[in-house]
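Modelling step: build the complete structure from the supplied sequences, incorporating the hints.
Going letter by letter, the sequence shown gives residues 70 to 646 in my numbering.
Any given hint might turn out to be false.
Straight-line alpha carbon distances no greater than 20 Å define the calculated EDC-like cross-link-like pairs of lysine to aspartate or glutamate that follow [to be verified]:
1) K130 - E91
2) K451 - E91
3) K465 - D485
4) K465 - D398
By construction, these hints were calculated from the structure, which means they are not laboratory data.
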Amino acid sequence: MAESTSLLFNPRTYDPAHFDPETRRLLRATVDWFEARGKRRLIQDYRSRVWLADFLGFAAKEELFATFLTPASAAAGDGDRRWDTARIAALNEIFGFYGLDYWYAWQVTVLGLGPVWQSDNADARERAAGLLAQGEVFAFGLSERTHGADIYSTDMLLEPDADVPGGFRATGSKYYIGNGNAAGLVSVFGRRTDVEGPDGYVFFAADSRHPAYHLRKNVVDSSKFVSEFHLEDYPVAPADVLHTGRAAFDAALNTVNVGKFNLCTASIGICEHAMYEAVTHATNRILYGRPVTAFPHVRRELTDAYVRLVGMKLFSDRAVDYFRSAGPDDRRYLLFNPMTKMKVTTEGEKVIDLMWDVIAAKGFEKDTYFAQAAVEIRGLPKLEGTVHVNLALILKFLRNHLLDPVDHPSVPTRLDAADDAFLFRQGPARGLGSVRFHDWRTAFDAYAEVPNVARFREQADALCAFVETSAPDEEQSRDLDLLLAVGQLFALVVHGQLILEQAWLTGLDEELLDELFAVLVRDFSAHAVDLHGKDSATAAQQEWALGAVRRPVVDTARSTRIWERVEALAGAYEMAP
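Okay, here's the thing in structure tokens:
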């Protein structure tokens, strides 16, 4: 049992010994708080949609957010406070495991802090650090009801205030703003009325308790407070201005780079908790005189779910290393970030669907975690612009990544207690086409003897040939439907690459890797068939697509041994009532 559960988060055995003492204490204290609260209370809070006052009280008492979300530059010498992506990812996973409502309050605090920590405004930075120390939450005021996240079209207007030199009066509304009901500081994006074009953008700090801040409603039926608010002649003093001009635009996009990475590890936590429930139920369920898990299709679905979840974890853990090692000359994280937002979260949907096919009606029952997991897993791919937006972003890197590698220093595993300062000085949010990558083939070469890795490598090489000989022409490049199908194929190659890199670093056994890549081979084949059926696909592209279809290498004995690991999850964890 220990072998199968060691790859998944298990509160019974969790000991993050790879972190420093204070990080270990806080992570374990968070787990213990949820476990003491118990499953019945967590589900009750979720269904009654109560605001998370008890949880935020715990976080304030432990100074959890302050410790994890204050960069060293604002920590006044406190050595435990830093922006450390590795431990942030670990906390995301814990919050997802117990409920996305808790993660969401933390996540939008991360986003609200992004423009502040990127700002040169010392007053605002000091104020934010003080609010964090007091246990306050933050909010990110970007989206609007009419324009969504189209920041080019913001209707939050700032008129110069004649009574305050360098100050403004802000009027306008924001929509889909998490924590907008309680945030001590809301980072709000708007534009000046007296300056045309991008030079007129402004990011400023607002307080949700100010009389000129009008909370309209929670736009969702949830404990998550996803607010609509309106500012009416809200006074913006120079000390409140975080960014102006193009820097404000860059701060918005760079905040998304930092904060939306958190989607992947939250998705992992949801899937882990749901998997314990699903496997335990299926193992104990008798149908036609046999355990449900005796049926071959059930074993396949649960095994596929398990190896997909392992793949999610491997990819996300490796992506952390690239974030932490990033710099002006190494921006590979800009590809791996939309991958975590799109690929890992959609894999999470597949994991839940596979398990739900097995447990069926049990997945609707009100006393299960699975019932809320099945709903909440859907939100994560949609919390950042939709899958389509991220696929379109991923495509910007396709040619450089597949065909034109350069030498990069090897990126090590990054679990050290360091402050990831570069994330708040990323610079202009442009130049994606100039980002260069190391050779993706190296990771595959290390596992060339693993049958399904080799089979998938054939498909990846075929994609390179497609880009060189049959890539969409200028007219097809306007057909986003066709381009997205190509994007799915490319995303699979990147997904496989980082999985293999992390497998090498962690010594993952090759049998598990072989079973995982059997799934990826099937996925690539399915996306190739999808490309074949696109309306605008040329005859050459159609021929290529069918030629890229492969059958995974079947090894019944291997699959049986991986199933035994999955079966060992039954009873390995159940939340205290």
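**Item:** Hints breached by this structure
**Value:** Going through the list in order, the structure violates hints 2, 3 and respects the others.
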